[in-house]
Every structure is written in structure tokens, then in C-alpha cells.
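Protein chains: 2
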Amino acid sequence: MTAHVTIALDAMGGDSAPDVVIEGVQLAHVRLPDVRYLLFGDEQRIAPLLERFPAIKPFVEIRHTESVVGANDKPGQVLRTGRQSSMWLSVKSVHDGDAHGVVSAGNTGALMAVSKFVLRMAPGIDRPALAAFYPTERGESVMLDLGANVVCDANNLVEFAIMGEVFARIVLGVEEPSVGLLNVGSEELKGNDNVRGAAATLKNGHLSLKFHGFVEGNDITKGTVDVVVADGFSGNIALKAAEGTAQLYRRFLREAFSSSWIARLGYLLARPALNKVKMRTDPRRYNGAMLLGLNGITVKSHGGTDAEGFANAIGVAVDLVKQGFNDRIKEELLALRSQAAAS
Amino acid sequence: MTAHVTIALDAMGGDSAPDVVIEGVQLAHVRLPDVRYLLFGDEQRIAPLLERFPAIKPFVEIRHTESVVGANDKPGQVLRTGRQSSMWLSVKSVHDGDAHGVVSAGNTGALMAVSKFVLRMAPGIDRPALAAFYPTERGESVMLDLGANVVCDANNLVEFAIMGEVFARIVLGVEEPSVGLLNVGSEELKGNDNVRGAAATLKNGHLSLKFHGFVEGNDITKGTVDVVVADGFSGNIALKAAEGTAQLYRRFLREAFSSSWIARLGYLLARPALNKVKMRTDPRRYNGAMLLGLNGITVKSHGGTDAEGFANAIGVAVDLVKQGFNDRIKEELLALRSQAAAS
Numbered sequence: 004m005t006a007h008v009t010i011a012l013d014a015m016g017g018d019s020a021p022d023v024v025i026e027g028v029q030l031a032h033v034r035l036p037d038v039r040y041l042l043f044g045d046e047q048r049i050a051p052l053l054e055r056f057p058a059i060k061p062f063v064e065i066r067h068t069e070s071v072v073g074a075n076d077k078p079g080q081v082l083r084t085g086r087q088s089s090m091w092l093s094v095k096s097v098h099d100g101d102a103h104g105v106v107s108a109g110n111t112g113a114l115m116a117v118s119k120f121v122l123r124m125a126p127g128i129d130r131p132a133l134a135a136f137y138p139t140e141r142g143e144s145v146m147l148d149l150g151a152n153v154v155c156d157a158n159n160l161v162e163f164a165i166m167g168e169v170f171a172r173i174v175l176g177v178e179e180p181s182v183g184l185l186n187v188g189s190e191e192l193k194g195n196d197n198v199r200g201a202a203a204t205l206k207n208g209h210l211s212l213k214f215h216g217f218v219e220g221n222d223i224t225k226g227t228v229d230v231v232v233a234d235g236f237s238g239n240i241a242l243k244a245a246e247g248t249a250q251l252y253r254r255f256l257r258e259a260f261s262s263s264w265i266a267r268l269g270y271l272l273a274r275p276a277l278n279k280v281k282m283r284t285d286p287r288r289y290n291g292a293m294l295l296g297l298n299g300i301t302v303k304s305h306g307g308t309d310a311e312g313f314a315n316a317i318g319v320a321v322d323l324v325k326q327g328f329n330d331r332i333k334e335e336l337l338a339l340r341s342q343a344a345a346s
Numbered sequence: 004m005t006a007h008v009t010i011a012l013d014a015m016g017g018d019s020a021p022d023v024v025i026e027g028v029q030l031a032h033v034r035l036p037d038v039r040y041l042l043f044g045d046e047q048r049i050a051p052l053l054e055r056f057p058a059i060k061p062f063v064e065i066r067h068t069e070s071v072v073g074a075n076d077k078p079g080q081v082l083r084t085g086r087q088s089s090m091w092l093s094v095k096s097v098h099d100g101d102a103h104g105v106v107s108a109g110n111t112g113a114l115m116a117v118s119k120f121v122l123r124m125a126p127g128i129d130r131p132a133l134a135a136f137y138p139t140e141r142g143e144s145v146m147l148d149l150g151a152n153v154v155c156d157a158n159n160l161v162e163f164a165i166m167g168e169v170f171a172r173i174v175l176g177v178e179e180p181s182v183g184l185l186n187v188g189s190e191e192l193k194g195n196d197n198v199r200g201a202a203a204t205l206k207n208g209h210l211s212l213k214f215h216g217f218v219e220g221n222d223i224t225k226g227t228v229d230v231v232v233a234d235g236f237s238g239n240i241a242l243k244a245a246e247g248t249a250q251l252y253r254r255f256l257r258e259a260f261s262s263s264w265i266a267r268l269g270y271l272l273a274r275p276a277l278n279k280v281k282m283r284t285d286p287r288r289y290n291g292a293m294l295l296g297l298n299g300i301t302v303k304s305h306g307g308t309d310a311e312g313f314a315n316a317i318g319v320a321v322d323l324v325k326q327g328f329n330d331r332i333k334e335e336l337l338a339l340r341s342q343a344a345a346s
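Protein sequences appear in the order of chains V and B. Count the first sequence with my numbering and you get residues 4 to 346, in order. Count the second sequence with my numbering and you get residues 4 to 346, in order.
Pulled out of the complex, with its shape left as it was, chain V reads as follows (with noise of 0.2 Å):
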């Protein structure tokens, strides 16, 4: 391995795939000139693609593989099967050291099972989460777990919560983030037990981070904390209903805008201002949730991405990466360990 950062790509991966991949790659050079690429997929597709960018060719280098997951595959059959396909050898090339962290827009599901079983737990680590970044009223949060684990107990929350707080360290640069847990109210006695023990852990004080207690489901959007945890159940359903009202918002603004010729020479006016409101929502700029808690760097980016969504992709990696996430990590549960056992 060389001092570039190398970055594995299932390029079969995704709705537009491998197309979209190989643009998304080209973007993120721009961007970040010099990182390499291992692209897996079938090079029959791969290399004509690759023509039309002359300017990464030097950058990339093409792994072969003749087998696609398939979006409805079940995690189970791709596990038993899916070893010659083009996520699976991604994700293997981070084990085997020919790259430093891998990126698919492939099914969800298949992805997280292969890096599990491929990459395995981080020690120390009980289950891997699922973490992505959004915009708030402040800025910019943290969200974990948006799904690997349907089942948590008290202590699956608090590992998300240091993995979380030093996801936010990394990606979000912010220097002391804030930490809450996702609850029905923000009594202390509200919520099950499973919130009300991690609550009790994170309060005792061993840990090093700024526990700021519970949050609502509206001070996710509100940015009251920097890293808000939850169970993978609750948290998919909060960032998918959130998702769903912003597109309510977008398409109603859109019916309002067409509605008549005044209100469409209002929206031309107000054009570039709303641009900056499209900007600062742009689902493509938050693109890119890691999967967290493994021996290796897993980012997942939405099937249906474009190219620019895809770049943002791979930058969260890169970032990842070059910060030594997963080190930092170790250190952060090693420190925990040796606080608790000296109280």
C-alpha cells in the first residue's frame, strides 16, 4: 500500500451503475487529486466508461468480477453466494489491506452483512451502526443507528454514542460535540429501559463526552445536539419520516410555484435565494452513511444518487479515512475501560 489513500469501489453497485460510479469518481478527483481507485466490477462496462475520462485513468485500476448483488437479494443468500460479486471483493480488498476503506451504492442489507462478516467487529465493539450527517436549524448533526440493528440493549446505545461523538469529531469537525439520546420526552423518567439505561451510563461521567440527555424526535432537524442516538428501529423511521416531509415541502412549494403565471415570475425572482434553501437540503450533499463499529471503512450511498452525490460518497470515506477513524475508536473504548475500572 503507498501513502495515497486508496479507495475500493463496487462499481456493479446502485441504480445507475456502473455509469454513475465511474462519473462520481471523476468528480471526487477534482476534489481530491490524489486518491486511487480499485474499481470492482465487469470491466466490459467498466473500461469503455473509463475513455471518457482520461484524467483519472492513471488513478484507477480495474478488478474484474464476473457477480452483481442484486437490490432484492436477501443479506442471507448473498452471504452464501455472493463471493465472487463485485461488493463482496470490494469490501474483501479493505481486509486485505489493498485498500483503506470501500464505498457501494449497492442493497443495504447485503452490505452491511458482507462487511460483518468480511471486516468483523472492531474489538471491543458489540454491533456495527449505521451513522449519516443532515442539516439542522444550527448546522450540520450525526444520526446512529439508521438501521443495522432492528434490536438494541442500553449498552449497543452507548457504543453509538462514542462512535457517534467521534464521527462528529471527524467528518463534522466539531471539537466538543454534544450527545443525546433519542426519547419520547426529555424527562428522565420518560422512555424504556433501554434509553433510561444508557441515559444512566453516559451520565456517570467515565466517558469523556458531553452527554446532553434526551431528545425528541423535533430536536433532530432543530440541531439541539451534535450527535443524536438511536436504536436502529427508531432511528430509520425518524430520518425516513424526515425525509418524507421534506419532500412533501418540496413538492408543494413546486405546485405552488406552477399554480399561475404571477406566482411563477414570484419564483424567478426569488430564484437564487431558494436555490441556497435547495442547496442547503440537497439529500446529494448529505450523502453517505458509514457503517460503524468494523475493522475497516464501509460507506454506503443511496441507490438512486448521482454522480455528485456519489463524490460526496466517497469524500466521507476519504475523510474517514485519512483522520484514522477506526483508530480513534480504539482509543476512545480503551480510555473508557481503564476510567471505569479505576472509579
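Bear in mind the hints are in silico, worked out from the structure with no lab data behind them. Watch out, some of these pointers could steer you wrong.
With a Cα cut of at most 27 Å, we get these calculated BS3-like pairs of lysine-lysine [stated by the list, open to error]:
| no. | chain 1 | residue 1 | chain 2 | residue 2 |
| --- | --- | --- | --- | --- |
| 1 | V | K77 | B | K193 |
| 2 | V | K193 | B | K119 |
| 3 | B | K325 | B | K213 |
| 4 | B | K206 | V | K281 |
| 5 | B | K225 | B | K193 |
| 6 | V | K325 | V | K60 |
| 7 | V | K225 | V | K206 |
| 8 | V | K95 | V | K119 |
| 9 | V | K77 | V | K119 |
| 10 | B | K281 | V | K225 |
| 11 | V | K213 | V | K333 |
| 12 | B | K225 | B | K279 |
| 13 | V | K213 | V | K281 |
| 14 | V | K281 | B | K95 |
| 15 | B | K77 | B | K60 |
| 16 | B | K95 | B | K60 |
| 17 | B | K225 | B | K281 |
| 18 | B | K119 | B | K333 |
| 19 | B | K206 | V | K225 |
| 20 | B | K206 | B | K193 |
| 21 | V | K279 | B | K281 |
| 22 | V | K281 | V | K225 |
| 23 | V | K279 | V | K225 |
| 24 | B | K325 | B | K119 |
| 25 | V | K281 | B | K225 |
| 26 | B | K225 | V | K279 |
| 27 | B | K279 | V | K279 |
| 28 | V | K193 | B | K77 |
| 29 | B | K206 | V | K77 |
| 30 | B | K77 | V | K206 |
| 31 | B | K333 | B | K213 |
| 32 | V | K119 | B | K193 |
| 33 | B | K225 | V | K225 |
Simulated restraints, written as ranges between beta carbons of each label pair [unchecked claim]:
| no. | chain 1 | residue 1 | chain 2 | residue 2 | range |
| --- | --- | --- | --- | --- | --- |
| 34 | V | Q47 | B | R283 | 46 to 56 Å |
| 35 | V | R141 | B | A50 | 25 to 35 Å |
| 36 | V | G307 | B | P126 | 42 to 52 Å |
| 37 | V | G188 | B | H67 | 23 to 33 Å |
| 38 | B | M124 | V | S262 | 46 to 56 Å |
| 39 | B | K213 | V | D22 | 34 to 44 Å |
| 40 | V | N207 | B | L271 | 50 to 60 Å |
Predicted, not measured: the structure shown is a model, and the values here were computed from it. Backbone N, C-alpha and C define an ideal beta-carbon position, used for all residues, glycine too.
Chain B: place on chain V using the hints.
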């Protein structure tokens, strides 16, 4: 009890009580001129306010109460010491047959506890559920439970589905409402034991309701189904995540439209169209969450709503009374049991 509908009001509940309550009655009276009201609260404060609205005086009776449930009072404490409060006595008037339903903008936890204690569960229902309707891309839908039960089992979810379906027929006027279970994916194998267990029961055909299957967080505002069923933990988080996102959009848009004089001009031109969006998503229009499953009708108004919002909450209570909501729930449950017994 006369043939008129009588609604009991906790005149001291909410951030701006009793003013907003009286003004809400005045607005509701214009729309529903034959409804009568029992106002529970401090007569010294209510009587002078009523002087400002002579038109409603013949329809209103004040029942003086001494104490008030505070916004931060614990439900257990209210059950022990709140029996002379405006909230308790207004709920009790429904139990005593003096009123057909009650509306309160007070402390949600206390209102649920008092309603459950005083009105008791309807026969055949294990747990009450908090339900509300909200705007979608297709129109309006209902979601429950929004937080009455932090922990639910599969059987509770099935009961919520039955209650939500009847609620959608009555309040939204949908003839054959479709029902979906909130989950992290739409495939059959997704989710935890509770949602899978509930889906199995809802699918087996004993029930006369149109079961769609699982829905995800973004289906809530898409309007994929007329009734979204969830446990109170994720339901509450989903609703508040959606509310928070709506707030984020409103704030970003406000900032955009005031960012330059030309954007302001654009806003002025598009204002009539934008006002329609505002109306379609106005939280006041969707004020009034119902506590379903009790021997009596309890409607919870947002604590911070205005007279318009409070009048809407009254409207929901009157609808449920006029349509005999509780009797229809009982019939559905009876039919369900006899179908199950016959099969």
C-alpha cells in the same frame, strides 16, 4: 343529557389558558352552533372573559374548580392529588354523563393517566392509543400510537389498527381506509417480533380491514396508506421528526425570502400560492390528538395552540361524538371476535 352534543373543556389547560379556550369556543360556535360546553376552571377568570363573547354565553356553563394541573406535574402525582383540578373534573364529567367528550390543552401525560383512570378502557381494548391526522401528498392520513404506550406488543398493534381504521372512516370520511404497519422496510421479514406478529394477524383475513402491509418512515407523508400504525415510541419520534423538518423548511424559506429585496418582491408575488402551502401544512389545522380506546372521548389539544387550533380540536371531539365512535369500535371488536371464533 339533551339531544345536543355537550363538550367538557379543561379551561385551565395550555400555555394561554383560559383565554385561548374561550376564544376557541367562540370560533367553534360559529361552525357548530348547536354544541354546548361545560367550562371547568377558575370562575373568577373565566366569567369576565365570557363577557366579551355574549353570543356564546347561552351555550356555556362554568363549573368552578380550585386547582390546576401544571405542565410539569408527573402523571402519578396528578392521580394522587389532582382530583379537584379542572382537568380531572372535566374528564369526570364525561364519565358522569354530563358531557359527551372532553378537550384539554394541558399536560399530555397527566391527561392520558387521568382519562385512563376515570373513564377506564373500553371493553376488549387493552391499551389506549393517541391518534392524530396530518397532511400527505395524497390528502390526509391518520397515525397512531403517538406516545400513549412506550412499549407495545403485537396484540396492541392489532387493536391500534382496528381503532385507527374506524377513526379514519369517521374523521377523514374515507370509505375503506388502508392500514399500514410502520417498519424499517417493506419486505415481510423486516422488523422486530412485534410488527411481524401484528402483520401476521392483520393479514390472516379475520379482520374486515384493508391491510396494506409494512410501510416505512417516508410513506407517512407520501400518503401510501390512510392509517399508519406504530408503537408509541417510534410513532411519537416519527411524528415529531416530521414536525421538526416542517419547521426547518419554514425557517429556511423565511430566511431565503428576506435575504434580499428582490427575493422579498418574489415572495410578495408568490404569496397567494405560498399561503395555500401554509394552509395545507398549518399545524393548527391538524390540532387535536385523540385518546382512543376509552369509555369516553378525550381530545388533547397542543398546549401552545391558538383559538383556531383549539376550535379545530373541539371540532374533532364533536365529530367523534356525533358519529358514535366508541360504539363503532365496540362493534368492530365484536365482529372480529365472532369471525375469529367461527374460523
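Against the structure shown, which of the earlier numbered hints fail to hold, in ascending order? 4, 13, 14, 15, 19, 35
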